[in-house]
Amino acid sequence: MKRHLISAADLSRDDALLILDTAEELAQVSQRSIKKLPTLRGRTVVNLFFEDSTRTRISFEAAAKRLSADVINFSAKGSSVSKGESLKDTALTLQAMGADAVVIRHGASGAPHRLAEWVDGSIVNAGDGTHEHPTQALLDAFSMRRRLGPLDGRRVTIVGDVLHSRVARSNVLLLATLGAEVTLVAPPTLLPVSVGSWPCEISYDLDAVLPKSDVVMMLRVQRERMNAAFFPSAREYSRRYGLDRDRLGRMPDHAVVMHPGPMNRGMEIAAEVADSPRSTIVEQVTNGVTIRMAVLYLLLGGAELEGGAQ
Amino acid sequence: MSDARPRPATRGPSEPGSTTSSPSVANVSRAVLEGPDIHRALTRIAHEILERTKGAQDVVLLGIPTRGVTLARRIGERVARFEGVQIPAGSIDITMYRDDLRLRPARPLGRTELPPDGIDGKIVVLVDDVLFSGRTVRAALDALGDIGRPRAVQLATLVDRGHRELPIRADYVGKNLPTAMSEKVKVFLAETDGRDAVVLIKEGDAK
Chain A
1 MKRHLISAAD LSRDDALLIL DTAEELAQVS QRSIKKLPTL RGRTVVNLFF
51 EDSTRTRISF EAAAKRLSAD VINFSAKGSS VSKGESLKDT ALTLQAMGAD
101 AVVIRHGASG APHRLAEWVD GSIVNAGDGT HEHPTQALLD AFSMRRRLGP
151 LDGRRVTIVG DVLHSRVARS NVLLLATLGA EVTLVAPPTL LPVSVGSWPC
201 EISYDLDAVL PKSDVVMMLR VQRERMNAAF FPSAREYSRR YGLDRDRLGR
251 MPDHAVVMHP GPMNRGMEIA AEVADSPRST IVEQVTNGVT IRMAVLYLLL
301 GGAELEGGAQ
Chain B
311 MSDARPRPAT RGPSEPGSTT SSPSVANVSR AVLEGPDIHR ALTRIAHEIL
361 ERTKGAQDVV LLGIPTRGVT LARRIGERVA RFEGVQIPAG SIDITMYRDD
411 LRLRPARPLG RTELPPDGID GKIVVLVDDV LFSGRTVRAA LDALGDIGRP
461 RAVQLATLVD RGHRELPIRA DYVGKNLPTA MSEKVKVFLA ETDGRDAVVL
511 IKEGDAK
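In order, the protein sequence lines correspond to chains A and B. Counting in my numbering, the first sequence runs from 1 upward without gaps. Counting in my numbering, the second sequence runs from 311 upward without gaps.
Keep in mind that the hints were calculated from the coordinates and are not lab data. Note that the structure is a prediction, hence the values are computed from the model and not measured. Yeah, the Cβ is synthetic: ideal placement off N, Cα and C, and Gly gets one too. You may find that some hints are simply not true.
Lysine to aspartate or glutamate pairs mimicking EDC-like chemistry, simulated, CA-CA at most 20 Å apart [said to hold, decoys possible]: (1) A:Lys36 / B:Glu423; (2) A:Lys36 / B:Asp409; (3) A:Lys65 / B:Asp452; (4) A:Lys36 / B:Asp430; (5) A:Lys36 / B:Asp456; (6) A:Lys36 / B:Asp452; (7) A:Lys35 / B:Asp430; (8) A:Lys65 / B:Asp456; (9) A:Lys35 / B:Asp452; (10) A:Lys35 / B:Asp427; (11) A:Lys65 / B:Asp409; (12) A:Lys35 / B:Asp456; (13) A:Lys35 / B:Glu423; (14) A:Lys36 / B:Asp410.
Covered by chain B, according to a simulated footprint, are these stretches of chain A (three or more residues, beta-carbon under 8 Å) [claimed, not checked]: (15) 21-32; (16) 36-49; (17) 295-304.
Take a look, some chain B residues computed to stay more than 10 Å from chain A by CB distance [unchecked claim]: (18) Glu393; (19) Leu451; (20) Gly472; (21) His473; (22) Ala500.
I would like the entire structure built from these sequences, with the hints used as guidance.
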């Protein structure tokens, strides 16, 4: 494994399977009365969050604490960043404090990559702009594998705002590595220009894709980023690309519904679909802690690696 | 004790019993226990467990991956055959509790499978293939402490090769095997390696 986890493309098939298998063993820890392992004692993990996030930050914090690492939470609001400190100076401060790993979320695509040049510790990308969110892709793959078994040849459909979604990009890359066949379904206005080079199929017709999907992953409509007329109205979007009970009925019986959260109930996903037993949305949160434990263990648990790849 | 585990990279040594060196490397290996010896040792350990625990009531066998799990299962089968008591056999992975994690890149985890009734109030017999420095057992004791509170913990090992670095001893020993620090002990079991043998390897050159 490489020293950093910045892109899902950094992971070879063996790396990805190692993370998933490690997570499978670590899942037991969450069911014990003592939910703690001594493995990362004396290591420091910094959560560096320049964008708002509850779920991901808490998930990383819980994962680090269950491995006995010391956790320092650093959010941009009310910190030196709001006084105008640059990313580089923040990085040098963390470096001076001896951070063994930095978990970073940043609004700018590529920020974790820059940070890796300034800090000696491992960098874990917790979402950068519209670029990537590799641990989300890992927990999604883990949730799928727990429900459906190995992912080779499984058909995964990702529906919605691919343009603004770092989750979609990381998922496409990781799922392709794991041998799944991915289809993106979105209005043409919500697909990035580069999508033609991604290892996946494109479709504009949700109803045609549903009957042959093993997994349907709904993406959040990012209202805060809807500054242009990407689609005529919320209702029209919901009618063409939302997952309601009728569409759920057209999916194969074994197929599962996923959503990275937070959901807009009634918009991209109907409430009854989100709460159905075929939805993995709550499991995804539990699995998030487990997969992040696996990532932190594999990055920090062994000897420090010299240089980049090993 | 990692040197007690046969890795795929290490080819099975020469025919059991013979003391020939392989042509390329100057290693000399000698089988110290053959299949029937291992069977007898495990049979004796099973009898000893029954005797010491007065019928193996409340006993739980926990093997340390990989070979220890197989040995725990075999001991459990023997106890069931001798006295008709079914004692649960599981496994406990100790990787996350090792004291040498930072000396090597992060390693994959083994399986932990605990019996459904847990280990609280039970007599846990830890089972490992080779007892060497005692550090694996120390890690296993720490791991047990996070899982529950057994009434007592005992240790069974197929081979005790000496050179302890911690105050730890085994309650049930298949064979005491005096060794030099430079030697390696490898355990082969039919379930994982296709045959039963304990092999002592004398390293020709220090690597």
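Confirm or reject the statement that leucine 451 of chain B sits farther than 10 Å, beta carbon to beta carbon, from all of chain A. Check passes; 12 Å lies beyond 10 Å.
Is the nearest Cβ of chain A still more than 10 Å from the Cβ of glutamate 393 of chain B? Holds, since 31 Å exceeds 10 Å.
Coverage of the stretch 21-32 of chain A by chain B, judged on three or more residues with CB within 8 Å: Since three or more residues must qualify, the claim that chain B covers the stretch 21-32 of chain A holds, with 6 doing so at under 8 Å.
Mind checking the alpha carbons of lysine 35 of chain A and glutamate 423 of chain B for me, to see if they're no more than 20 Å apart? OK: lysine 35 of chain A and glutamate 423 of chain B at ~16 Å, within 20 Å.
8 Å C-beta test of the stretch 295-304 of chain A against chain B, three or more residues: It holds: at least three residues are needed, and the stretch 295-304 of chain A offers 8 whose Cβ sits within less than 8 Å of chain B.
Please work out if lysine 65 of chain A and aspartate 409 of chain B have their alpha carbons no farther apart than 20 Å. holds (19 Å)
Would you check the hint for lysine 36 of chain A and aspartate 452 of chain B, treating anything up to 20 Å between C-alpha atoms as holding? holds (12 Å)
Quickly compare the C-alpha distance for lysine 36 of chain A and aspartate 430 of chain B to 20 Å and report which way the hint goes. holds (18 Å)
Straight-line Cα separation of lysine 35 of chain A and aspartate 452 of chain B no greater than 20 Å? holds (14 Å)
Closest CB of chain A to the CB of histidine 473 of chain B still more than 10 Å away: holds (24 Å)
Restraint status (C-alpha distance of lysine 35 of chain A to aspartate 430 of chain B at most 20 Å): holds (17 Å)
Hint check: lysine 36 of chain A vs aspartate 409 of chain B, CA-CA at most 20 Å. Holds or violated? holds (16 Å)
Violated hints are absent here; each numbered hint is respected by the structure.
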